[in-house]
Each structure stands twice: as structure tokens, then as C-alpha cells.
Amino acid sequence: MNLQTFPSPAITDIETLELAMYRAMLLARRLDERMWALNRQGHGHFAVSCAGHEATGAGYAFALDVTRDYLAPQHRDLSALLVWGLTPRDVLCHYLGKAADPAGAGRQMYAHWGSRRLRIYSLSSVMSGHVPHAVGIALASKYRREDTVTWCGFGDGSSSKGDVHESMNFAAIHKLPVVFCCENNGFAISVPQSKQMAVENVADRAAGYGFPGVVVDGMNPLAVYETARAAIERARRGDGPTLIEAKVYRYLPHTSNDDDTRYRTREEVERARERDPLKTFRAQLYAEQLLDEKSETALENEIRAAVDDAADFALNAPELSAADTFKQVYGDGSG
Amino acid sequence: MNLQTFPSPAITDIETLELAMYRAMLLARRLDERMWALNRQGHGHFAVSCAGHEATGAGYAFALDVTRDYLAPQHRDLSALLVWGLTPRDVLCHYLGKAADPAGAGRQMYAHWGSRRLRIYSLSSVMSGHVPHAVGIALASKYRREDTVTWCGFGDGSSSKGDVHESMNFAAIHKLPVVFCCENNGFAISVPQSKQMAVENVADRAAGYGFPGVVVDGMNPLAVYETARAAIERARRGDGPTLIEAKVYRYLPHTSNDDDTRYRTREEVERARERDPLKTFRAQLYAEQLLDEKSETALENEIRAAVDDAADFALNAPELSAADTFKQVYGDGSG
Amino acid sequence: MLKSIIETIRDTLRSEMTRDERVFILGEDVGVLGGVFRATEGLYNEFGPERVIDAPISELAIIGVAIGAAGVGLRPIAEIEFADFIHSAFDQIVSDAAKLRYRTNGDWTCPMVIRTPYGGGIHGALYHSQSIEATYAHFPGLKIVAPATPYDAKGLLRAAIADPDPVLYLEHKKTYRSIKGEVPDEDYIVPIGKAQVKRAGSDLSIFAYGMMLHEALAAAEILERQDIHAEVVDLRSLLPIDWETIFESVRKTNRALIVHEDTYTMGLGAEIGARIAEQAFLDLDAPIMRVTGPDLPGVPFNEIGEKTFLPNAQKIADAAQRLAAF
Amino acid sequence: MLKSIIETIRDTLRSEMTRDERVFILGEDVGVLGGVFRATEGLYNEFGPERVIDAPISELAIIGVAIGAAGVGLRPIAEIEFADFIHSAFDQIVSDAAKLRYRTNGDWTCPMVIRTPYGGGIHGALYHSQSIEATYAHFPGLKIVAPATPYDAKGLLRAAIADPDPVLYLEHKKTYRSIKGEVPDEDYIVPIGKAQVKRAGSDLSIFAYGMMLHEALAAAEILERQDIHAEVVDLRSLLPIDWETIFESVRKTNRALIVHEDTYTMGLGAEIGARIAEQAFLDLDAPIMRVTGPDLPGVPFNEIGEKTFLPNAQKIADAAQRLAAF
Ligand SMILES: Cc1ncc(C[n+]2csc(CCOP(=O)(O)OP(=O)(O)O)c2C)c(N)n1
Ligand SMILES: Cc1ncc(C[n+]2csc(CCOP(=O)(O)OP(=O)(O)O)c2C)c(N)n1
Ligand SMILES: [Mg+2]
Ligand SMILES: [Mg+2]
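Chains as they are written, first to last, in the numbering used here: chain A, 284 to 618; chain B, 284 to 618; chain C, 4 to 329; chain D, 4 to 329.
These are calculated hints, taken from the structure and not from any lab test. If you're wondering where the values come from, they're calculated on a predicted model, not measured in any experiment. Ideal Cβ placement from N, Cα and C applies to all residues, glycine included. A few of these clues could be false.
A partial selection of chain D residues facing chain B, derived with a Cβ cut-off under 10 Å [unchecked claim]:
id	residue
1	V26
2	D32
3	G37
4	F85
5	H131
6	I307
Here are a few chain C residues that sit away from chain A, every Cβ distance over 12 Å (derived from the structure) [what the hints assert, rightly or not]:
id	residue
7	R78
8	K255
9	A327
Using the sequences and the hints, build the whole thing.
Here it is in C-alpha cells:
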């Protein structure tokens, strides 16, 4: 790897980067586990797992400039959002739909991210609906001669929507500073890639719009980081979009309402576990002597404390009130 | 060229084919001229020119099997529709919106083709809206194990719509017997290709769906014929779709309501006239001694008579009645 | 046989597919998974991947492909996974499916069914709770039905499949498993365009459909205890609406209360209220009244928000009481 | 200065773009061509290709990109070439533009304008004649205006651009050049949500907007000759609607006639009729009445078909006469 500078001010060397990535991935995984546990205990109606997508999120989030770039994330990008400034308390208030939920005071289901302060654009449930918005943000950057970059994630399933086509074409015409990232986990709920498209790589679509498409191992945060860096720099230079396809896997069911045993074998899932970034990257950090049993225990303890605190906080946080339900229809006070 | 068989029963050799193509192209051009003349004289509210697209239409129409294949044409495909069985009277009744208009008894504007009897699917004004319908027809062919092929035309401008993306992807997944043909005349009304896309060839999109994309000179009917034949045979074999991009030019304004001097120079239009298929193909027929002054005069006379007859017929044909305006909302007699 | 609505839909799909080879299903997760609500469970194994097609996330193509296939003689049943996601196929539905017959003077037609789960009350938030009937009821050429009982679910689904025009078949997702009822094994059809008086009454008429029918019936029980006799009419068909049954009921009770879960302004209650005021005006002894969702952009996820949004039996009864007292 | 509506829109766009660098235009053929109706003529030369963007045929992207740009502080004016083609952007408008503020509790917003020509009477057939206001009026979070005069065209366009939320600005294409009027040079705003009594009368109230306002005013002249004094109200804002002005007029005339070009069932007249029957019931001396386009899938191209479809002064006057005589 050839790393000279780090866009995140807090990161000054590759070792710090790797540890920070691992921390984000682990925190995301542990928060995720907690949400599913809470769900099974009857707290919260809807969990969406990030498990398997953490390396991609951590990889790209550190490649962006957290102080000025924009995120229009994929719904499983919890690790990225933690890097980006969402706290565990934010996440669990969002999960439980509490008034303190920064994405919308409990109005949306979990994994419908958003924070204007953090330049995280709001997601709806409509797959790919946010892709043109990311292009619009990038258009504004160019319009104002700012060198900010917008990151736009979406899934393999979402890539089938016309929204993605129109957005990529528009971004290409205007050479906008946007990076498209298709997080390909091989499934749109139960529908496997083979029934979603007749190609192996979504990245191959990019050529038809006139910008580069590149496939990366989405289970390797450093590979994602490098690929993202190149695409982000290209965008910042004014050379236009890139489509990155990160090959990942979703370990859990689609959501807490799904039963994935109906459409994939346990063997397939177990096999994919071998690529689990939390396993492989942990091994790498051990091999590089950036992690050992002691520091790992400390890290796990720190994270467990943060997750406990967040769960406590969120479970006891106030609900959206009936009165507030009627607010924010219009900005002129008329509703 | 390597032609063994001809899908149209009336055509048995290459000479007959060439003459039939020329006849269709010339008839289309003369009908087109008549419609614009009628428009300037105050008859009819809306003309859409086929001038410049005739070779593509003639090329593909003869490559299909007129007895069983389906057409979901591009709006400028008049030459193809004449091959396909629409008569000059049909065309001018459609142009004038008369009750005898086969496309819808005068309910739609001109160039909104359709005839169930002739297996020409109905067009709306919504660019690309018909592309998924063509895919649906092809799905029905496969479903019923019929070896019919559906031809689907659309413009360069229309290729930007999400409809085209979703349709191509769907057709690719199921390897449907459909041929997509983008008739690229370089403009979506006033918007030049450079502002519609960042690529030179729309055909390059095909690779991203997993089927072949091929560029052809749309001003050369035999080249279109050959390319279309290959794609149609591939589809009929069950090997799936092809995207053909026919490079054409539109000689007249977008419609009779347009003023093309605002967005392109007369020099550009004149230069494109050198590629006029009616000029170049005529020269070829002369060179091949398939046409001479005498036979050409006879052909022009025959066509003029047909166009005169059609204009007479259509101008005197009955209008849609007020009572019929209320019909065909529902098929169960409720409206 | 006592069945739930979801079972009834599944069984009806199965028998229609068995009867008619032209019928096939197209939608996201309808195959191997059997649908996110299991409406198509088992059909993939029974009829194979060509008749139960797992589609990519392409609502526009799902509807558009079905339109094309319907035009050449198949009988597609397109499933939109949640009604909220039908919006990207809006153009195909209103510009093509609804207009095809008219624009071609009956030459090309579009006999297809779009099935989709709609409605709130299952913590689905803004994008898994929407009611979409009012939007589509503005487009002549379409038909819309919204069964509230297993009996009607079968009869209307069979009618929709047999219909020569496109039918939007709306399934209130909260009724799927909560509402059970008798479903005869024989073939029968519930004609599109016919409402049904579910409970006779003399003091006021409540017009409802889908999940709200059940809330309205529960409200009528509450009202009965207050000696207010509410007539409850299940609209069932939302385009066309059975005006005769509505006017007849108003002639009897002289008071009209319209209930829907959808938001207030330009909800279906608008047309119903206006028609009554137009064509049954002299029968009215009181203003028309509506109990509906509020004019908010969506149903909130938060439970308090969701409850605040949705009408229920008590809210209906309260309004009905005021109307009866007018 | 006496101006046409199209000139007024062009001049207002120019002055707003001059005043505010954040304002830009995005749409098909808006640049070099100056728009198919010439609404943006000259602006490309004046403001350059970055502020007057010629878009590909991508209605979804035009609206979606505008939403994104609006979120981060620009003030996009998206032009949809014909209202009929807005349907493929339906999802972006109703799922995102309308819901963004609410779903984020006001954190992200969408201050943008969508301009689009609508309406029939120019031989545009099914797909160049549609009225779309009723469909969008069902979505809280949006605003909709439909000016009928040059004065209002300016005042409402300025209000729309200044509004903190998405505004659908509907331009009746038949009024573009046929309706002229005084337009002050000074800056002024016509507030969104305010109707205007265009002609006072005592016998009945006619509520209209867009081209139909002018037909209603012509109908009032016909009626005057029959000694029927019609009050004519220009709604101007269609979401929100100025209910106070409507109710006040009904209180005065006790008869309400609603006119629109759009089809009958679930047209805007539905909500207006229902509201009156709900909130001004005791003021009514007669049924509410609607004169609208018929329930057909579209306006036919053929002239007889088009005339049969569209309401006009005579049809309005005939209905008004019946209403006045009730
Ligand atoms: C337009 C639309 N259609 C359908 C759905 C229902 N749905 C929710 S998530 C999902 C699958 C998304 O797959 P993908 O984009 O690959 O993301 P993943 O969940 O696999 O990460 C579907 C079909 C939706 N949310 N939006
Ligand atoms: C969805 C949609 N948007 C806009 C229009 C207006 N319009 C009519 S034709 C046209 C240009 C079509 O360009 P292209 O597809 O290249 O076909 P061409 O007319 O050049 O043959 C446009 C923008 C339309 N009919 N449909
Ligand atoms: Mg996926
Ligand atoms: Mg073109």
C-alpha cells in the first residue's frame, strides 16, 4: 500500500488507521448484536444487520474527509456512520424510534440514516431513491466550486432500479464529484444475484456511462480504503464519478422479519463466515502485532461499556409525543 | 453479404429485397413530405418526420418475420410500419386523427403507432414507456414456447430513462427474444448527445447487462438488415437480447412545432444530407442497375398516386364522434 | 372453511393458476421465499420458476412487463412488495395500463392484476404503511378493489383475474392474519363495483373498507351501547364505487360518516363526501363527516406516533356520536 | 406593463436568478432552445450552462438531483417539459420531496420549485393535456399553485422560490400567450394559500383556477345577461387551499359550483365539494355541483373529441343556471 496522507485529521499513520478501522467494525458488530438481542427481547420492532458489511463501511469512511464530504449511505453502513460521528446512543435511539433519534425523532424505521449536522443525507425506505439526491449534492459542490465529494452507497438489489441508471448518467455528463458504491452481498432479500442481473459485476455498468468501474473485496477494509481513496481523489480533482463494487456478504437474515433459511443454506452462510472481516482483519492485526489479547480485551470492554450505556440511555429515553407527531410538515409554521 | 433466406415471404432474392427497401423508404419519405405540406396548409396539428430514419426502419422491418414477429417501434419508424402492413391511408388517417385511424380512431397524436392485427404494439407519448412492454411481449413468447421475436425501437434521448435500464436488465436475466434498437440521431429535441450522455455509443451499455451491443450505420438499410438479422436469429434461438445502435440523423425539426435553427446550424444539417439514405441507396441501386430513370419515374408516379389517394381519403374521412369519445374506457361495457 | 385472508389469497392464486395456464405471478421475493408476507408460499414449487417469477427490484419493469404480456394474451398477476413502492411504477400504471384500451380504441388491452399490501398498524413507518387507493382512484381505465374479509378476498381476486382491464387489488396487511372468515370451496365471484351493507342501522351510515371496516364495525358496537344504530357499509370496490348502495344508505339514515386510514385531504372520503353532497343532498340531515388519517406525510414509526395517526374504533365512535347528535 | 404569462414567467425567472445566485434551472431543452414554450428563452445566454442546465430525458433525475441540491442550500427550479411526463418522477416527489422534512423532523429540507405546463385545449391529446393537480394535492409536505393571470404568475413564482418547502408551480399552457395583464415592475409576492374573489356575485359561487378561471369569468358574463349574479373565485393555491375564502363565498351565495378541466372522480372538486358539505353545510341551499372533464383516460387528439372533453364557458353557464334555479 502506498499511503501518504490521511483524510481524517485524527489519523496520521497506517497503524492508527488499522486500529481505528477495527474499532469501528467491532463497535458496529457489537451494536448490531445488541439490537438483534433487544429485538428478540421485545424491544424495538425492526432490526437491520450490518454484519458482513462492516469492512466496506470502515474502509470508505476513513477515505473520505469527515470534515467536509457528504454521505448518502447504504442502509447497512453502520460502521461508516460511527466513523462519521454518530454515537452508539444516536444509533440505539434511532433503533428504538425515540425522540432523541437524530435521523428523525423516531419517525423512521431503523437504518434510515440522516444527520444534517454530520452531512449524512436522509434515507427513505425506497431502494435507490437517494441515489439522485447524492448526485444533486455533488452538483451543488461543483456549482459552488467546492471540492467536497459525495459518497453514495446502495445494494446489488437496488442497482436494478431506474433511479441508479438516470443518476449515473447524469453524474457522468457533468463529471460530478460523486462516488457510487454498490455493496453487493448477492441478495435482494431472497432473490439471488443470478435472478437480479445477467452479469457477474455491477461495476461493468460504469463503462456504459463513461466512467471507471472497479471491483473490490468488500471484506477487506484496507482494499476498500485504497480503492475508495483513488475514486475520491479522482472526484475531488474534477474528473468525475467512479462506480465501486464491494463484494460482501450479509450474515444475518435480511431484517429481523426475515427467515433466510428459506432461500440459502446454512453451509453457504458458514462458508461465507470464513471471509468475516472481523475474523480476518483481527487476525491481520494480531499478525502485525497491532492487537494482542490484552489490548483486545480492553477494546471489547470499552465497546461493551459504550453499548451498555447506549442501550440504557435509549431504553429510558422519551418517546415521540403525540403533539410532536404533527410537527414539521411545512417549514413556514403552517403545519 | 451472406444472405440465404429471407424472413419476408414476398422476398426471395437480394435484388427484390433492395428494391422493396427502396420502395418503403421512398414511400415513407413522400408521405412524410405530404404530411408536412398538409400541416403548413392547416390540415393536421402535428407532424413528426421520419426523414433520416428510413433506412433503419426498412432495414430491420425486412429482417423480421412480418407474419409472426412483434413491433414496438420508435416514433420515426414510418418506413418499417409500411413494410409491416400499414397503408398510406392508415397513416394519413392517423396523421389527421380521423375515426379510421387504426392506432386509436383519432385519439392520439401522429406517430403514436399501434395495430393489434399487425402486431404493432401501441405507443404513448411517454418516451421509453413502451420498452418494458416489448420485454413483456417477449416474455409471453418464451412463456408459450413460441419462437417469435419482438423488436423495440427508441431514440438516443429515450435511452436516458430508467425504463430502458430496468427493461434491458429484465430481458437479460430471462434471455428474452427481444431486440433493442436505439436510433441515435444525436438529439433529444434540442439537447445534443454530449449533454445526454458521456459516452459515444449507447450500444456500450449492453455489456453491463450481459448481452451484445453493436453499432451500425443506420443510413445503410442493408447494413441494418444484416445486423438486425443476426440479432433476430440470436433472439429466436433463445440466446437473448441484443442492443443495436443505429446512427441516423433527423433532417427536419423535431416536430412541426419545433424550430431547429435555434440549436443546430444549417451547415450541420446540409452535411448530414450527404448521408441521406434516399440519396446514397438510390445511387447504389442505379449502380447495381436495379433502378434506372424509367423505373424510378414509374415508382415515383406509383407512390405519388398512393399518397394522393391516401390524402384524399383521409381529408374526407369522418371525424371521431362526440359519442365515440366516451367509448372504450372499460371492456366490460361499463364505460 | 375458516381461513385467514392471506391463506385465502394463496389458495385462490393456486386454483386460478391451476385452472388457467395464462395466469402467472411476477414480483420481488414471490418465488423461493413465497413473498415477504407468504402470500405465494408453495406456488413456486408447484408451478415452477416460469410461472412464479422472482423479479429484481424493478417495480417499473414488473408492471411494464406485465402490461406487455397482458396485451398478447397472458394474465399476469404482478405483486408489488409493499404498496409504498408502487410509486416508481406510477407512470406505467396511469399512462399505460389505465389508458391503453382508450388510446387504441379498444384495439390493445391490459387484463392484469396488481396485488399489493397496503395500510398501517404494523410499525411500518412512512414507507410500509401507506394507503394508495385515493391516488389511483383518479384514473379512469383502472379498477381498484380492497377486500376486508376472506370471502371477498377470494371473490374479488377471481373477479380481478377475470376482468378485461387492469385491476389494482389492495390487501390491507394488518388484516392478513388477524381477520378470519368462512370461505366456500366452490367458485364464486364478488362483482367489482358492488358494496355491501355489513350491518344495518338507522341513525347514520358509516362507509369504510379494508382494515377500517373492522374498526367501523367495532365502533358500531360501541355506538349500539349508546343506543346509536349505525349502518356500516363495506365499499369493497373503490373504482368504480357503488354509488347506489351509498345513496340508498344515506336515504335511510340521512347521515354519512366516511372512514379511511389514508390522509384526509383528497383521500377517498373527498369523492364520497362530494358525491353525496351532489347527488343525495336532500337526504342529508347533517354535514358529511370524515374520520381519516391526519394530513401528515406519513405514519411515524414510533408507536405513539403511529397510534396518533391511525383511526380506530373509538375515534370513529366519538365522531359518529357527534354526527348522530347533530 | 402589459405582459403575457409566458413573458412574466421568463422575466421573473431572470430577476430571481439575478437576485440570488443559488437559483438555477434544470430541465429538458431549457437551455439552448429556451424551453419548448420559450419560458426560459435568453436565460442560457445570460446565465450560462451551469445555471440553465439542459438535462437528458430523465424526469426522475431532474427532480431527484434538484432535491439533493436543495438539501444543501441551492434553490433549484426544475422544469418538467409537459406535466404529463412528471409521472416517472412521482416517487421522487411524493416519497422524498414531500416527506423529507417530516421524516427528518425538520433536519433536512427541500426548498425547490417544479415548474410544468399542464392542461388541454392545444390539440395535445392524452399526453400533452393532462391536469395533475389532484394527484399531488393528496401529499402533505408539498405545496401547489396554479396562477391564472400574469400578476399572479409573478407573485406566486416569487413566493414559490422563497418558500422553505417544495412547490409545484403549474402553468396552464393555453394561458401562456392568450392571457395578458398588468405586471408591476416592483417586487411583490402573492402568498401561497390565498384565493381571490375575481368577481363578486350573490346567486352562486364558482370556484376555478388556471384556464378554467377565464372560462368561469366568461360564464359569469353569460349568466349576467340572464340576470344571474355569479361570484367567481380564483383558487390560485391548490395545496393548501384557502378554505376561509371559499366558505365565506358560500355563506354569501349559498350555492357552490366547482370547475376544473381535470377528470371528475377524485378531481380537486371532490375535496372542495366534501369540505363545503362538511364545514359549510348549513350555508348550502342547493347541492354542490361540479363542471369538470369527464371520467375518460385522456383528452383525445381529434378536435371533436377534445371539445367534447373540455369544459368551457357555455357548459359552465348551463350548469350554473341549473344550480341557481335549484
Ligand atoms: C423500491 C423498493 N422495492 C422494494 C423494497 C423492499 N426491499 C427492502 S430491502 C430490499 C432488498 C434490497 O437489496 P439490496 O439493495 O441488495 O440491499 P441489501 O439489503 O441486500 O443490503 C427490498 C426488495 C424497497 N425497500 N424499495
Ligand atoms: C418522458 C418524456 N419526457 C419528455 C418528452 C418530450 N419529448 C418528446 S420527444 C423528445 C425527444 C426524444 O428524443 P429521442 O428519444 O432521441 O428521439 P428522436 O425524437 O430524436 O427520434 C422529448 C424530450 C416525452 N415525450 N417523454
Ligand atoms: Mg443485496
Ligand atoms: Mg434523438
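Quick rundown of the hints versus the structure:
no.	hint	verdict
1	V26	violated, 21 Å
2	D32	holds, 5 Å
3	G37	holds, 7 Å
4	F85	holds, 8 Å
5	H131	holds, 6 Å
6	I307	holds, 5 Å
7	R78	holds, 22 Å
8	K255	holds, 36 Å
9	A327	holds, 26 Å
Hint check: a violation occurs at hint 1 only; the rest are consistent with the structure.
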